[in-house]
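Peer 1: Working from the sequences, and respecting the hints, build out all of it.
Protein chains: 2
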Amino acid sequence: MRFATLALLAATRAAGTKSSLGPAALAPQQQRDAAIDALRHHVNEEVEQRHLRDLLEDEARCNACTAEACGLYLDFARQKVTVHTIDLLINVARACNVEEKRDAMFRGEVMNPTENRSVRHVSLRATRGDPYAIEEAQDTLDRVLDFARAVRSRHVRGSSGEALVDVVAIGIGGSSLGPACVHEALASEYASEADGRRLRFIANVDPVETEMALRDLDPASTLVIVISKTFTTKETMLNAALVKTWLGEQYESHMCAVTAAAEKARAFGCERIFGFGDYVGGRYSVWSPVGCLPLALQYGVRPVRELLRGARAMDLHFREAPLSENLPVLLALVGFLNAFIYERDCRAVLPYARALSLFPRYVQQLEMESNGKGVDVEGNALTEPAGEVVFGEAGTPGQHSFYQLLHQGLRVVPCEFLGVCQGDGENHDELFRNFCAQADALALGDDGGGDNHRRCPGDRPSLSLMLDRVDAFHVGALLALYEHRTAAQGWLYGVNSFDQFGVELGKRLAGLIESGDAATASTRALLARYRAKRVARMEALAAGGGGASE
Amino acid sequence: MRFATLALLAATRAAGTKSSLGPAALAPQQQRDAAIDALRHHVNEEVEQRHLRDLLEDEARCNACTAEACGLYLDFARQKVTVHTIDLLINVARACNVEEKRDAMFRGEVMNPTENRSVRHVSLRATRGDPYAIEEAQDTLDRVLDFARAVRSRHVRGSSGEALVDVVAIGIGGSSLGPACVHEALASEYASEADGRRLRFIANVDPVETEMALRDLDPASTLVIVISKTFTTKETMLNAALVKTWLGEQYESHMCAVTAAAEKARAFGCERIFGFGDYVGGRYSVWSPVGCLPLALQYGVRPVRELLRGARAMDLHFREAPLSENLPVLLALVGFLNAFIYERDCRAVLPYARALSLFPRYVQQLEMESNGKGVDVEGNALTEPAGEVVFGEAGTPGQHSFYQLLHQGLRVVPCEFLGVCQGDGENHDELFRNFCAQADALALGDDGGGDNHRRCPGDRPSLSLMLDRVDAFHVGALLALYEHRTAAQGWLYGVNSFDQFGVELGKRLAGLIESGDAATASTRALLARYRAKRVARMEALAAGGGGASE
Chain V
3 MRFATLALLA ATRAAGTKSS LGPAALAPQQ QRDAAIDALR HHVNEEVEQR
53 HLRDLLEDEA RCNACTAEAC GLYLDFARQK VTVHTIDLLI NVARACNVEE
103 KRDAMFRGEV MNPTENRSVR HVSLRATRGD PYAIEEAQDT LDRVLDFARA
153 VRSRHVRGSS GEALVDVVAI GIGGSSLGPA CVHEALASEY ASEADGRRLR
203 FIANVDPVET EMALRDLDPA STLVIVISKT FTTKETMLNA ALVKTWLGEQ
253 YESHMCAVTA AAEKARAFGC ERIFGFGDYV GGRYSVWSPV GCLPLALQYG
303 VRPVRELLRG ARAMDLHFRE APLSENLPVL LALVGFLNAF IYERDCRAVL
353 PYARALSLFP RYVQQLEMES NGKGVDVEGN ALTEPAGEVV FGEAGTPGQH
403 SFYQLLHQGL RVVPCEFLGV CQGDGENHDE LFRNFCAQAD ALALGDDGGG
453 DNHRRCPGDR PSLSLMLDRV DAFHVGALLA LYEHRTAAQG WLYGVNSFDQ
503 FGVELGKRLA GLIESGDAAT ASTRALLARY RAKRVARMEA LAAGGGGASE
Chain Y
3 MRFATLALLA ATRAAGTKSS LGPAALAPQQ QRDAAIDALR HHVNEEVEQR
53 HLRDLLEDEA RCNACTAEAC GLYLDFARQK VTVHTIDLLI NVARACNVEE
103 KRDAMFRGEV MNPTENRSVR HVSLRATRGD PYAIEEAQDT LDRVLDFARA
153 VRSRHVRGSS GEALVDVVAI GIGGSSLGPA CVHEALASEY ASEADGRRLR
203 FIANVDPVET EMALRDLDPA STLVIVISKT FTTKETMLNA ALVKTWLGEQ
253 YESHMCAVTA AAEKARAFGC ERIFGFGDYV GGRYSVWSPV GCLPLALQYG
303 VRPVRELLRG ARAMDLHFRE APLSENLPVL LALVGFLNAF IYERDCRAVL
353 PYARALSLFP RYVQQLEMES NGKGVDVEGN ALTEPAGEVV FGEAGTPGQH
403 SFYQLLHQGL RVVPCEFLGV CQGDGENHDE LFRNFCAQAD ALALGDDGGG
453 DNHRRCPGDR PSLSLMLDRV DAFHVGALLA LYEHRTAAQG WLYGVNSFDQ
503 FGVELGKRLA GLIESGDAAT ASTRALLARY RAKRVARMEA LAAGGGGASE
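For the record, the sequence lines run as chains V and Y. Just so we're aligned: the first sequence equals residues 3 to 552 in this note's numbering. Just so we're aligned: the second sequence equals residues 3 to 552 in this note's numbering.
Among the clues, some could well be false.
Simulated restraints on C-beta separations [to be verified]:
1. V:D60 - Y:A193: 56 to 66 Å
2. V:M540 - Y:E386: 44 to 54 Å
3. V:T234 - Y:R536: 25 to 35 Å
4. Y:R268 - V:G198: 32 to 42 Å
5. V:R510 - Y:M540: 41 to 51 Å
6. V:G198 - Y:G452: 40 to 50 Å
7. Y:S155 - V:D220: 25 to 35 Å
8. V:D89 - Y:E386: 34 to 44 Å
9. V:R268 - Y:E386: 51 to 61 Å
10. Y:R200 - V:M540: 26 to 36 Å
11. Y:E428 - V:T232: 16 to 26 Å
12. V:A264 - Y:S155: 48 to 58 Å
Hint data in this document are derived by calculation from the structure and do not stem from the laboratory. A virtual CB, placed ideally from N, CA and C, is assigned to each residue, including glycine.
Peer 2: Quick look at the structure:
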């Protein structure tokens, strides 16, 4: 704590509060600055120069770099930290009032001040007795699960009497990535529950997406879910119109909606409507009917209940565990350390599990949309970047793709490896060995036997997160872990993780193009070429040609 | 050219070559340094401070920032360049001998000196008359296409007489990403050619990958292709063993191989073997039987011929077009400018086409594996990073995911937007409008009506690349464009883009774990937990339990 105390003293003096020496005397911003300065000073002086090869030899330190909850085991011994660094990181969390903000979020206070909203996705996985449960959300969940049960048991059928065995979910962004990620994650574990059923997602406004999703489906046995909070999302409404045409009049009643705009959904022709409140942001909505409806239709009620139970277990852990053992807080602190102190732009999320192959994209949205901000929660311009570029692929395929740069390139990319205990046979053992070996290779490096072309410098940080297995419970806990980590990291950055105003400008400029008002000469030239090529194509088709490519 | 000349003069003097003033008098490294210094000085002094909003108002400059070849149209007006910057970039290309290296590559010289290999993927799409064609490669292609024709026409059938309508391709890295990317790209355009046929890829050693690929296939009608240059790739051989078991003795003859190790393939039990030379690297191998065999089986001979024809057209363009109009060189220069001069760590590849949804991952491997190096081609440690972190998703879904950070975060991520002229209806028009609008939004920004939370700073570089359509010809041209761009950018960095020694250490450490020699205490703890959890699971199963998640 030496440096922390010195920095606090210095900050106290600078603030002119002569007589009071305790942190309590500092304004919140000064407390944060002092805690970060202390951390930065310590890292520069005592950690940065130490190779991970050396840090990893201290077994007591390695043991201190582990934590466990809800069947998830975290090992961050391969981060550039000493035991003292962890203390200083936790001081930063305290100085940023992470605990107070967490508690305020659970109490339903306005955590998204720019939109004057509370942030209550945790209520979606609460049980009725929980203090932060919301009656209305519980009722909606019951309706969702009852409906799914009725469809799966064939009590509810299509308009010509056929069983509704296929589901098409139309939605984009948060209305697609979370549900698609969980759908993929559960496909092997719950294969028998999904037997004879198919679930497809349509997100992209490119009509090829709809074409590919529908081409082997039959409207008579297909249920369509249109997912849009406002029921005005341009892509979703254009795709819903295509799918409605495909259904034809006979099956128009096969459409239901997940939306907060029930009137609009009814006007569009959706029969059944499931609502969700404006206290749930899109990227935190997989626990609402956005995710629960398609997932319950595909896998049944039990896996959805387990998913929610896993998330709730992580909520309890997040609320109750001390910061030094709190998985979401530890992940946030490690992320903050790499991004803010070590100034790494990117982070790789690398699940060694085919079932989690969409998880990197889920995290990509969650974090980049939440924390990719340029101003703090008060609207002051940030002086140092918040948010990281998150990318990743499932291992082992990633190893044969972009890992070359991770091992030998000069750009250091902190990695998050996810591994799974349960799995079959020699293939899964090989998978797990690689999950361990890649982390060691990044940390330890190797001199390449004196050949510089083969040399790996090592000293590259990673963390390892192990799931007992990829079932609905652990998937729920994993997603909730990353949600809370994202929020906590946002509190460390001092940003509002719950708005996303940055996406509005592009929508507006697309609207201007539609009304003939392109913003630049370059865009006018692109549009002219677009139109000319289409006219040429029409003429070629009319002349009986068509397929020629040049 | 003012600064370039000055810098050259300075470098000449520093080198002590008193009397000679021309660039020819400089050693290659000095020429490169001088050209880069001139570029850097110009950018710092004349471009960096100018907002893209202003640069885009100069229509003459915008026109100078376009080029076109093979049905691909490039607009890089939204890069932080003036017309003079382009001249200086081309000086850098000349100083790095990009033209000489390109010509040497086509002549078949050793461009991969660390492995003492020539780099001849261009020969795979040559026609027999081309100077760089290789007889053996042409013969192999003929055999591949003949075999595909025979399978598709049902002259070749499975061992019980059934038509072989499904294909499973087992391979990882370059043996998977290129073929899978093209498979996805052609799925809509050539849907009728693929009618009744399925093509699946197995890359991940996770047994779930094989389980998911095979679960609705019938061994009697499935052809299996095992793809591995050495036939020792651990993941591929483990997966091939699983699939061989699935085929059963009756259908063992359904396996063929793409490999340079014919003996090993035969010993494994593969009947038909298609070879490729060591002059083709994995990530450049989609044009070999690695890609042509599964693609010809799925789509027939004509699309594969078109794919090769498109790539060959780009080869001719790359060989012959002057640098200032040369698409691969221009892309490489823009990439180099952003990564090396503006020091951007990442680049986003954003195709506004569902068909190109795997293209970002293809480029991710191609570039990060090729140029993610820490030493130059001579083995000297680089002082500035080579290679960028490449990531991306198809638009418009990406807009609803990570674009928030692109627009408002403080980390600037150069973007490459891909658009397509051909497409159907209002949905495709909306797609194209977004392709244009996002580039404008990044460049122009907006003050958010005085609300800092809504403010987008703009001045963020992007380029726009338009394809006439997503057919095999244009996909071939596009992939070849990025191949050559990657090689050219590697020559600008001064690295060997054709080896990948950085991936060896991880494999070695995985092998050590297998033989009981884990490298760190942390890994030993992870393995202990892995084993304990599996034992507990076995015991639970034996006791008749099983599914409990906690």
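Peer 1: Compare the structure with the hints numbered earlier in the document and write down the numbers of the violated ones, lowest to highest.
Peer 2: 3, 5 and 6
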